[in-house]
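Protein chains: 2
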Amino acid sequence: MTDTNQLTLTTDQFESLPVHEQAQMLRTASTENKRLWLRVLALDDVVDVLQQFKPAEQEELLKLLDARVHADVKALLAWAEDVATGLMNPRYLSARPDMTIQETLLYVREQATSRTSAKTSATSYIYVVRHDDQKLLGIVTSKQLIAASGTALVQDIMFTDLVTVRPDCDQEEIARIFHEHKHLKLKAIPVVDADGRMKGVVSLDDIVEVVRKEATEDIQKMGGMEALDLPYMTTGIMKMVRKRAIFLVTLFLGEMLTATVMTVYQDTLSKFIALAVFMPLIMSAGGNAGSQSTTLVIRGMALGEIRLSYWWKVMRREVVIGTILGIILGAVALLRILAFHDLFGQYDDHFAPLTVAVILSVALVVLWGNIAGSLLPFGLKLLRLDPAVSSNPAVSVFVDVTGLLIYFNVSRLILVGVAGVAL
Amino acid sequence: MTDTNQLTLTTDQFESLPVHEQAQMLRTASTENKRLWLRVLALDDVVDVLQQFKPAEQEELLKLLDARVHADVKALLAWAEDVATGLMNPRYLSARPDMTIQETLLYVREQATSRTSAKTSATSYIYVVRHDDQKLLGIVTSKQLIAASGTALVQDIMFTDLVTVRPDCDQEEIARIFHEHKHLKLKAIPVVDADGRMKGVVSLDDIVEVVRKEATEDIQKMGGMEALDLPYMTTGIMKMVRKRAIFLVTLFLGEMLTATVMTVYQDTLSKFIALAVFMPLIMSAGGNAGSQSTTLVIRGMALGEIRLSYWWKVMRREVVIGTILGIILGAVALLRILAFHDLFGQYDDHFAPLTVAVILSVALVVLWGNIAGSLLPFGLKLLRLDPAVSSNPAVSVFVDVTGLLIYFNVSRLILVGVAGVAL
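Protein chains in written order, with this note's numbering: chain H, 1 to 423; chain L, 1 to 423.
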C-alpha cells in the first residue's frame with residue numbers, strides 16, 4: 001500500500017487532458033494543486049476550463065491566479081467562447097517599427113524569457129505595433145529576424161499586407177479565413193479592433209480543434225439529433241436520451257402524417273393490396289436520394305463552396321441528376337417486377353397498370369427527393385437557421401409523407417383514370 | 001479593349017487557387033507561365049498539382065523544374081498522397097548539435113536566404129540532425145534561438161522528447177497525433193525512418209486541410225454515396241450520377257426485400273389493413289433511431305474516442321438508451337391512436353389488440369434500430385472496411401427490412417395468438 005494520492009498528476013499530465021477532464025480534476029483537487037495546475041495552462045486554455053464552472057466557482061478559481069493573469073482571464077471570460085476574443089491569446093511577442101533588428105532581437109528575447117512567457121502565444125510571429133495606441137502596423141516572422149541584417153529597421157522588413165479578424169468574428173468564419181489564405185501558410189491571425197488596435201492572436205492549433213468540433217457538430221445534427229457537448233463515451237445516458245429524444249419525437253410526430261395520408265387512401269389500398277407491397281421501396285428510394293442531396297448541399301455550405309445565391313444553380317443541377325437517377329431506379333424496379341411476375345407469377349391482377357404506376361412513382365419520388373433535399377438547407381439558411389438541421393432523417397420523413405401522396409395519386413390516376421379499373 | 005490575355009495571373013493569384021484549378025490553368029498556360037507558376041509553389045504543393053496529371057504530362061511539367069527540385073518532386077510523387085511522405089516537405093531548417101547558438105543563427109540565416117528557401121517548410125522549428133547519417137537528435141524553436149545566450153550549445157537547449165511519425169504513416173493518423181499532443185501546440189511533426197533519420201516535415205496547415213477533407217469524405221459517405229473528389233459545384237453531372245447511383249441502386253436492391261416480406265405477409269395485411277397504415281411510422285422510427293446511433297459511433301471512431309474493443313460497452317449503452325427511447329415513442333404512439341380513435345372513431349376493428357401491437361412494435365423496432373445502428377460500424381471495422389459506409393440510408397434500409405419482420409410477427413402474435421382473431 002502506498003500513501004500517494006491517486007489523484008495527483010504532474011502538471012504535464014494535467015495539461016494534456018481534455019478540457020472537461022481538467023475541470024473534473026479541478027473540482028476535487030486540493031487548493032495547492034488547483035493553483036499549480038491553473039498556472040501551467042496558457043491563458044486561452046485557462047478560460048476554456050473556467051467556462052466549465054458556474055460563475056461562483058469561477059470566482060473561487062480566479063482568486064488562485066496572479067493578479068495580472070486574473071484580469072486578462074476575466075476579460076476573456078466575458079466573451080463567448082466561439083468568437084475571436086474567446087479563442088485568442090492576448091499575450092504575444094511585439095516590436096516597434098523604428099527598432100533595428102538587433103534591438104528587436106534583444107527586446108523579443110526579454111519578452112520570451114519573462115516570468116509570464118509560458119502564457120504567451122506560441123507562434124513565431126512578432127507583431128509590430130505603434131507605441132502610443134497599440135495599432136498593428138505589420139508582422140515579422142522569427143525566421144525573418146534571424147535572416148535579416150542587424151542594422152535594418154523592423155519597418156523595412158515587416159509584412160504589411162495583413163490578414164486580420166475583428167474581436168467578434170465567429171470561430172467558423174476564422175477557420176474559413178485560414179482556409180482561404182492557406183497558400184500563405186499562416187500560423188496565426190491577429191485580432192484587431194475597429195481602429196486597428198492589436199487585441200490578441202488566434203493561432204492555427206486552436207483552429208484545427210474548431211474545424212474538428214464544427215465537423216462533429218454538423219455530423220451529429222445530420223444524423224438527426226442535437227450535437228453532444230462531450231465525447232460519446234463520457235456523455236451520460238440521460239443526457240444522451242435528451243439530446244436524441246427531442247428530435248426523434250419531432251420526427252415521429254411528422255411521420256404520423258403518413259398514417260393520416262394512408263387512412264385517406266385506405267380504400268384504394270384495400271382494393272389494390274399490391275400497392276402496399278411497394279410502398280416502403282418507393283418511400284425509401286426518395287428518402288435516400290434526398291439524403292444524398294441534402295448532405296452535399298449542407299457540407300458545401302459549411303465549406304463555403306455553396307452560397308445562398310446559388311440555390312437556382314443547385315436546383316437545376318439536382319433536377320437533371322434526379323431525373324437520371326429516377327430513370328435508373330425506375331428501370332431497376334421494372335426488371336424486379338418483370339422477374340418476379342415471370343418467375344413466381346406475382347402481381348397478376350392489373351399487372352400492366354400497376355407496373356406503370358410503380359415505376360413512374362419511383363422515378364418521380366426520386367426526383368422529388370432530390371429537389372426537396374437540396375432546397376431544404378437553402379430554406380433553413382434563409383430563415384437564419386442552421387442548415388445542418390435539415391438532417392438525413394428529417395429529409396426522409398418529409399419525403400416519406402410527400403412521397404406517399406405522389407405514389408397514391410399517380411397510382412389512382414393510372415389504375416382508375418387510365419386503365420379504367422373500378423374503385 | 002485591352003490586349004491583356006485574361007488567362008494571365010500573377011504568381012500570387014496562382015498560388016492561392018485550389019489545386020484542381022491550378023491544374024486547369026497549367027493545362028492551358030504557355031510554357032513560360034507554367035515554369036513561372038510551378039516555381040512559386042512549395043515542394044509539397046507542386047506534388048499535389050502534379051498528381052492531377054497523367055504520368056506522361058507529369059514528365060513534361062517536371063522538365064520545367066530545376067534539377068534539384070525535380071529530383072525531390074519525383075521522389076515525392078512515387079508516394080501516395082495520403083501518407084506522411086506525400087504530405088511532408090523534404091526541405092527544412094537544420095542545425096548540428098555541437099554548434100553554438102551564435103553559429104546556428106548564422107547557419108540558419110544562410111539556409112533561410114538561399115535560392116531555394118521559398119520551398120523550405122515555413123515552420124519555426126530548426127531540426128538538429130547528426131552530420132554523418134542525418135539522424136534526428138532534437139528540435140530548437142526560433143523563439144529559443146532568439147532567447148538563448150549566443151555561447152550555449154544547440155544540444156544543451158534542444159528538445160529531445162520528440163513526437164515523430166514514420167514515412168508510411170497515414171494522414172488521418174498524423175492528424176490524430178497532432179490532436180493527442182495538442183497541449184504541446186506543435187506547429188509541425190518531423191518524419192523519420194526506422195533508423196531515426198530525418199526525411200521531412202509535416203506542418204500543421206497541411207493537417208487542417210486533412211481534417212477538413214476527411215470530415216467531408218465521412219459526411220458524404222454517411223449521406224449514402226461515394227465521397228466526391230472535387231467541390232460540389234465543380235463536379236460534373238455525370239460524375240455526380242456515378243458517385244450516387246451505385247449506392248442508390250444497392251440500397252434499392254436491399255429495400256426490395258421489404259416487398260418480399262410484404263408479399264409473404266400479404267394475407268395478414270389484407271385482413272388488417274390498419275396494419276399498413278402504421279407501417280411507414282414504425283419503419284421510420286427504427287431507421288431514425290438507427291441513424292442516430294450509427295452517426296455517433298462512426299464519428300466517435302473517426303475521432304479515436306471509440307475503439308473496436310468498446311463494442312460491448314457501446315452496445316450495453318445503446319440497449320439502455322434504445323429501451324428508454326422506445327418507451328417514449330411508444331407512449332407518443334399510444335396517445336396518437338387514442339386521440340384519433342376518440343376524435344374520429346378510427347381503428348375501431350380490433351382496437352385493443354391493434355393498439356398493443358403497434359406500440360409494442362414501435363418500442364421494439366426503436367430498440368432494434370439502436371442496436372443495429374451501433375453495431376454495424378463495429379462489424380465493418382472488424383472486416384477492415386470503412387465504418388462510414390454504414391451510412392444513415394444503409395442503416396435505414398437494414399432496419400426497414402428487419403423492422404417489418406418484427407412488426408408483422410408481433411402483430412400476428414398479438415392479434416391471432418393472444419386476441420384470438422381468426423386469420
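It should be emphasised that the hints constitute simulated quantities derived from the structure, not laboratory data.
Please note that the accuracy of each hint is not assured.
What the hints assert, rightly or not - Below 30 Å or equal to it, Euclidean Cα-Cα: the simulated DSS-like pairs (lysine-lysine) are:
no. : chain 1 : residue 1 : chain 2 : residue 2
1   : H       : Lys74     : H       : Lys271
2   : L       : Lys213    : H       : Lys74
3   : H       : Lys243    : L       : Lys74
4   : L       : Lys185    : H       : Lys54
5   : H       : Lys182    : L       : Lys185
Said to hold, decoys possible - Covered, in the sense of this in silico footprint (three residues per stretch, anywhere, with C-beta under 8 Å from a C-beta of chain L), are these stretches of chain H:
no. : segment
6   : 57 to 66
7   : 196 to 205
8   : 243 to 249
Here the structure is a predicted model, which is why all the values come from computation and not from measurement.
Idealized CB from N, CA, C, for every residue including glycine.
Consistency of the hints with the structure:
For the proposed pair lysine 74(H) and lysine 271(H), the alpha carbon gap of about 72 Å is over 30 Å, so the pair is violated. Using a Cα cut-off of 30 Å, the hinted pair lysine 213(L) and lysine 74(H) is violated, with the two alpha carbons roughly 36 Å apart. About 51 Å separates the Cα atoms of lysine 243(H) and lysine 74(L), which puts this hinted pair outside 30 Å; it is violated. Between lysine 185(L) and lysine 54(H) the CA atoms are separated by roughly 28 Å; this keeps the pair inside 30 Å, and the hint holds.
With a C-alpha separation of about 19 Å, the suggested pairing of lysine 182(H) with lysine 185(L) holds against the 30 Å cut-off. With 0 residues having a Cβ less than 8 Å from any Cβ of chain L, the segment 57 to 66 of chain H misses the three-residue criterion, and the hint is violated. Judged by the Cβ-Cβ criterion of 8 Å, the segment 196 to 205 of chain H is covered by chain L as claimed, because 3 of its residues qualify and three suffice. Here the segment 243 to 249 of chain H counts 5 residues with a CB under 8 Å from a CB of chain L, which clears the bar of 3, and the coverage holds.
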